[in-house]
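**Student:** Here is how the chains run, residue by residue.
Protein chains: 4
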Amino acid sequence: MSETNRAARSDGDEEQVSGAEVIAQALKTQDVEYMFGIVGIPVTEIAVAAQKMGIRYVGMRNEQAACYAASAIGYLTGRPGVCLVVSGPGLIHALGGMANANMNCWYMECCTPPPVSMAETSAICMAATVIRNAKKPLLIIGKGAAYAHAEEGIRKLVERCKLPFLPTPMGKGVIPDNHPNCVAAARSRALQFADVIVLFGARLNWILHFGLPPRYQPDVKFIQVDICAEELGNNVKPAVTLLGDINAVTKQLLEQFDKTPWQYPPESSWWKTLREKMKSNEAASKELASQKSLPMNYYTVFYHVQEQLPRDCFVVSEGANTMDIGRTVLQNYLPRHRLDAGTFGTMGVGLGFAIAAAILAKARNTGQRVICVEGDSAFGFSGMEVETICRYNLPIILLVVNNNGIYQGFDVDSWQEMLKFGDATAVAPPVCLLPNSHYEQVMTAFGGKGYFVQTPEELQKSLRESLADTTAPSLINIMIEPQATRKAQDFHWLTRSKI
Amino acid sequence: MSETNRAARSDGDEEQVSGAEVIAQALKTQDVEYMFGIVGIPVTEIAVAAQKMGIRYVGMRNEQAACYAASAIGYLTGRPGVCLVVSGPGLIHALGGMANANMNCWYMECCTPPPVSMAETSAICMAATVIRNAKKPLLIIGKGAAYAHAEEGIRKLVERCKLPFLPTPMGKGVIPDNHPNCVAAARSRALQFADVIVLFGARLNWILHFGLPPRYQPDVKFIQVDICAEELGNNVKPAVTLLGDINAVTKQLLEQFDKTPWQYPPESSWWKTLREKMKSNEAASKELASQKSLPMNYYTVFYHVQEQLPRDCFVVSEGANTMDIGRTVLQNYLPRHRLDAGTFGTMGVGLGFAIAAAILAKARNTGQRVICVEGDSAFGFSGMEVETICRYNLPIILLVVNNNGIYQGFDVDSWQEMLKFGDATAVAPPVCLLPNSHYEQVMTAFGGKGYFVQTPEELQKSLRESLADTTAPSLINIMIEPQATRKAQDFHWLTRSKI
Amino acid sequence: MSETNRAARSDGDEEQVSGAEVIAQALKTQDVEYMFGIVGIPVTEIAVAAQKMGIRYVGMRNEQAACYAASAIGYLTGRPGVCLVVSGPGLIHALGGMANANMNCWYMECCTPPPVSMAETSAICMAATVIRNAKKPLLIIGKGAAYAHAEEGIRKLVERCKLPFLPTPMGKGVIPDNHPNCVAAARSRALQFADVIVLFGARLNWILHFGLPPRYQPDVKFIQVDICAEELGNNVKPAVTLLGDINAVTKQLLEQFDKTPWQYPPESSWWKTLREKMKSNEAASKELASQKSLPMNYYTVFYHVQEQLPRDCFVVSEGANTMDIGRTVLQNYLPRHRLDAGTFGTMGVGLGFAIAAAILAKARNTGQRVICVEGDSAFGFSGMEVETICRYNLPIILLVVNNNGIYQGFDVDSWQEMLKFGDATAVAPPVCLLPNSHYEQVMTAFGGKGYFVQTPEELQKSLRESLADTTAPSLINIMIEPQATRKAQDFHWLTRSKI
Amino acid sequence: MSETNRAARSDGDEEQVSGAEVIAQALKTQDVEYMFGIVGIPVTEIAVAAQKMGIRYVGMRNEQAACYAASAIGYLTGRPGVCLVVSGPGLIHALGGMANANMNCWYMECCTPPPVSMAETSAICMAATVIRNAKKPLLIIGKGAAYAHAEEGIRKLVERCKLPFLPTPMGKGVIPDNHPNCVAAARSRALQFADVIVLFGARLNWILHFGLPPRYQPDVKFIQVDICAEELGNNVKPAVTLLGDINAVTKQLLEQFDKTPWQYPPESSWWKTLREKMKSNEAASKELASQKSLPMNYYTVFYHVQEQLPRDCFVVSEGANTMDIGRTVLQNYLPRHRLDAGTFGTMGVGLGFAIAAAILAKARNTGQRVICVEGDSAFGFSGMEVETICRYNLPIILLVVNNNGIYQGFDVDSWQEMLKFGDATAVAPPVCLLPNSHYEQVMTAFGGKGYFVQTPEELQKSLRESLADTTAPSLINIMIEPQATRKAQDFHWLTRSKI
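Respectively, the protein sequence lines represent chains A, B, C and D. Throughout the first sequence, residue numbering follows our numbering, covering 1 to 499 in sequence. Throughout the second sequence, residue numbering follows our numbering, covering 1 to 499 in sequence. Throughout the third sequence, residue numbering follows our numbering, covering 1 to 499 in sequence. Throughout the fourth sequence, residue numbering follows our numbering, covering 1 to 499 in sequence.
Extracted from the complex, chain A is given alone in its bound form (with noise of 0.2 Å):
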């Protein structure tokens, strides 16, 4: 090449970084801390460019998942997290992320923190005297409480007005799970007999049956605080609304009782009722844990691991019955540190979110950990994220509670019949995967820790290894029951191995 050609080149090659280094410049000035993706042509040049100006750039393995990690950075941080795609496939990959953030009103997008609005004066006290007035009382904190920062407001309104109160699934830990005041334990009875709910930040979707009977007294009073408008009166027409910044809001409603004191009666037949249902529920559910027959059962599994859960760590999850379960057994103490598979229940979210959790703790430096309990078919969507957590040395524990296959919403009549059917023609259920699949190599692949456990003693000795070792990651593969009453390995369809 001649020194022209060079000249000429090299100047060519500076203008291109020059257009990489403004982007990257744009991000920065619009606070943007991290950014996830998979570079390629034509945007490698904007990741080198983005780690220059001192942005966190982790190079995942799909879009999908880089996406979802872009997503909860945002909800974790309320500043934007970046996703880096190449256009076409990479876009398409990561519509999924975009969708499932616009689902559960995670902005992306969205740049500057918008300025803080206050609910309408009147309707503050049309509130109070709603709640004053309420006989089987109710408060239910949803993802748009944490989202606002709004848990010191909230706790005292529970403490100061003895109010029962209930999270949403990541609304837990705006208030600890383990406080006096939580009724999560009878859930269904503190919904069924309410007679005023006051939802904060919380929608009546489907996780909440829609807020109708008969899973909701036909006459009781919403009171709904929400930052979003379009989320009001949707489903149900509530008594009163209160639009604002539910932080702000809740303040609010603070100084209308301070103004004039009150408190719920603690002895009240309401709480009363709500306790004995509790204490029934936690009793079953310890008898249930405390099976000693194996295969393990799911909430055996969640108690143990919830004995030795560090009190600040985030709790990422999804799946079917191991979100479900999972999310009644395991306990959060901080708000922001659960993170699941939300409104949309997208199945696939939960590495991209464990890694987006660790790279923050790490960027933080609070040395604190990411458990990230999967169900074995939830695993399977972005399993291969696990190089991308080795990659970064991210100390998260992934939890594979493995039943081998997908058996949401079946129930054993049919799942007999189609084993029966498997049976006689050698063809796999659709709901089932390959028994005792040994996930955990996915992570000894890439230099982490694994286990494969089959008894309470194995998941006890393998939790407190991978939390003892703060440097590297690991995943537990837990063996737990499938739903069917055969073994795995009477399966005919398995040794003949038809389609």
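FYI, nobody ran anything at the bench for these hints, they're computed from the structure. Check before you lean on any hint, since a few could be wrong.
Since the list gives no way to pick out one identical chain from another, each pair is judged satisfied if it fits inside one copy or across any two copies.
Straight-line Cα separation of at most 30 Å, DSSO-like style, residue types lysine-lysine; simulated pairs [as the list claims (entries may be wrong)]:
id	residue 1	residue 2
1	Lys28	Lys237
2	Lys420	Lys28
3	Lys237	Lys52
4	Lys162	Lys221
5	Lys237	Lys251
6	Lys420	Lys362
7	Lys221	Lys28
Based on the hints, put chains B, C and D in the right spot on chain A.
**Tutor:** Same frame as chain A, but now just chains B, C and D:
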């Protein structure tokens, strides 16, 4: 449950089953043989019903891969492949597959085979005249020719008229790559100096440099044979366009050359030029392949693979250099036996495509093997589908050509600078993956065979063993030299492990 | 302004003009002859530049109508018509035109005429065999046949084989409506009992009752001739599909009947049935037409129009009864000389279509007239385009068949009830327009001729005068009987004028 | 028909009617009072059912105009206006209205009035401080303030603090235009030199020159008051953002100035500058208005209109110069009494808006008039709605300010060149409409009153008569000078009438 209730419930169930059965029946009526997907509420019943109808259901791990598999079945069989997903996130995950199928003109949702159309007789005459008058003719055979099953006619045309031809990536195998008239080894030369180019189902897209100078003569005459009117005249204005079924149009052309036989002189200077260039290019690549230094380079790897490649196997490939270099070395002898990242350059398609091909071979009982050649970055997109491969015992051989990263389109200078930055700051370069990842353990985790190979001898042995075992899948993780001049383990960022 | 500034400004202007000129030049290169639109910032310059290139620019009054006009030019000339609109609202207003063109398979954006394709020879043979064996054959000629300029071939086929045929609305004129083999007057009978139906560019959409019983024999065999593979096999599964250019395919069929001549027996019972039905239907409609009561009915109006209709005129029509009944009475003798609301049933297309046809006749200097037959409601959608007609002195004759409302699809009982409600409440029925509107004044407002006619004699006279004046447009507002049994002026709601 | 059949049919009908009734009932429940549309299969029944429920149905002539009317009702009443269209083309025609409503933040589909939110107290304090410290303050009152019914509060703020204000086009009337603090006549000056600008529901879009230099000081501080978080911080970064209901926020601001009263010095140099500029601008425009030459100019026309304009009338306007100049001369005294082409600059909205306003005035029995000021080109988009106006006897006065064309954004030089080209080639310039069109006849055609006016005296007389007649609509066609220097009738292209 009372008898009445049971009856009612059973009625309900029956109806529900009926709904699923109606869908399954409709698919069967449309000649659907294969269904790929992930079950969940409420589509599990559809998968079960489809199996009862004799449709082969393949449960995958991510809808993205399921959709890629379904689209490949459509291409391979000419009959629709179905992708079964839940609504919401499942559907969004599947969009990548739909976009990829669309960009490659593979129709997943077309059901009846369309009737055959032919080109206008006068246009056929004109095309024949242009060919007869060509000084430097060239045929380019695209995947459209493969899709149209035009192999017999095109081969006759090539041999009767003694014309040089080039396949596009997925056009490989329409005529065997080792046919004496194949000038793939002189590709650039052939494109650059041809004066008449006949495109059989090949588009002048980026893979063919858009048909424009300086990669082509400014006055080159294109004759375009295609089924799709919208593709005719894109980028360049063809001298003749032959709209119709590619197979039927080829036969029309053959009739012309039957009536008035003609052949292109085998001793022309054009043939001489092409043969000389092929010879020198082949020598250069053999020289590269024979290098003894370790780690191996791409050419060494592919030459050893080619030596053992079964004549009738399917070759699936994705990646950057892996796909590009592999394509020049690995030979195809049969039409529709190569599947790769295609027009859209989609990463993540490989395992889905390989599964589709293997399922087909199994269903047809042909004993054919599937060789899936993956870059290490490409493998990460859908690597968890290895469990699917193991679950169905599909005798796929996965080759992961592992250079620890994503190095496409990056020159050495930029690379050096990036490493220097990484060293100074302990920040991992965006293009690097974890060195020495043991991808083969992702296979052993699910009971398949895994090989970690670093030398030509290990590669030969692992291939031999994999090909000998017709009952199980294997993954050969082949370490090659990264583009960098230093060894991976020297990298500062790696041990200090910052983001 | 200083000289320097002027120069700078002038440079800027030149560049701007250049931009417009580049667009105009590109359109000219694509053989664009006509442009319809509404100017505004920044597209005025494009219109000016286009005019300088010799493109005919027609300024319209609403982008909706402009887009309908542009699409009609595409259909009439086979070359693209361009619609020039400002971005934002202009573009949105134009969407109707684009949707309508798309539903009618008229391509506004296709530039190069696509090459001609033919049907497969074996399919042609099969089709000929099916036709030869037909007991009750029928050809249906659609607008696809008109678009393909297949008139000569289809006429030969009809005459050589002595087959009965039916045109679809815009297929009228491919063979003259008064051809002895045209069985339009026995349309229902022909559709219902035919055993073999050959569709030439006609779709089995709602206009053809989807090809299904009871309007058709359950075992009727369809032979479908179409250029568009996606249209083949919609709604019914054809016995034979002939994919290709309709003109080319028709010639292929003709060759078959040349080789082995065959004709359908003119004295068959099928012909006899059809002729009898035609006779009785024609008598019934003549009976209606000859009624002397006033206001006139539809048949009376159209019979008088038909008497004076020039053989070579364009007929444009839209409305409900106006279009449906008008179509049965008004005859077309030339292909591509009828334009109407089409497959999509779009109201508002009439004036745009009429303007396009008149511009074409003027540009080609053929002296042809355009007769635009509008229901009064239909006229309201784009009535202001009358100014456009007058501005360009287009010799269009607009007939507004005025029944004071929108009565489609409403039975007499419902109508009576609606009127009773209107009387009782003084609320105007939704289907009523202002009685005795003088639409002809919308024409005289802009210098054209206007006629308000209530009797056959007035209608005859106004038509005679309009046709005699070849230099100016006219509008004949023809009062006919509303569906109601009482006179309009009795309506209570009218005088009390509530909403 | 047998009795059984009749019953069955009647059942069917009842069900069908029921379907329509269910929809009508649902709309009624959502407080829908007005419905605009065009009936057709199958929506006629819905219109009928809606009328029976007491919803006022207004039948229009094109869905485009119907949708504009429905959106205006939403803005005027704060309750949803409904647009009833048939599917397919009807829906597409309506898209313009939906896009326009969206661009103007008018919500046609919002049903429950959202609860009121307020701004954060600390932000209110900060805003008050910034205002107190302003050297050159300015309030801008947008249509958001009108929509929020914030007129009382904003007026108090203006008067208490003695602040200068400017309305945006649809913000006119929130405080009467003739208020002494209104500095609209010094608009450019006020924007250019203000150091603090408070935006009340006004967006920094193209109408406000995006808030950027050189139209504004580079360091101007914006205080933005808006209900919509997404609008905050667009284009510029505001010094303070007050998110909340504009009325509620204004009251919060007022409280601040109640607590610590403050007023901006009326004798400041800023007020002096503004007053001087207003004086000179008003003098210049009065000078233009008093010109005696014929045809009249815009200023002359609008001054005469302004003289007779009823204080409580609605003013609707669209066009280019007509709307822009009209806005500076025609005064509004009441909030929400001006409707125009808005943010999106949509042509074709005028008649729909006027109809909506008139329907409202009629329903509320206020006796208010609607003055609809249209450019002649603008009138063409929906001119046929004059029939709707006459059918419902709506006392709208339509002013068509007629310069025979579309002259926006075209300088004199270009215009001269265009005319020269037109002369030489007999091609009509794209910006010209038919000279001396008698648009008033479009009104007389349907029984309204029409006036063709060329002098100030004729204009005064026609206005007087139109205003005196409270029972009928009228259209005054006002001839003004075209931009050209020659008379229209000289134009060569006109008489030779080429395209």
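**Student:** Could you tell me which of the numbered hints above are not met by this structure, giving the numbers in increasing order?
**Tutor:** none
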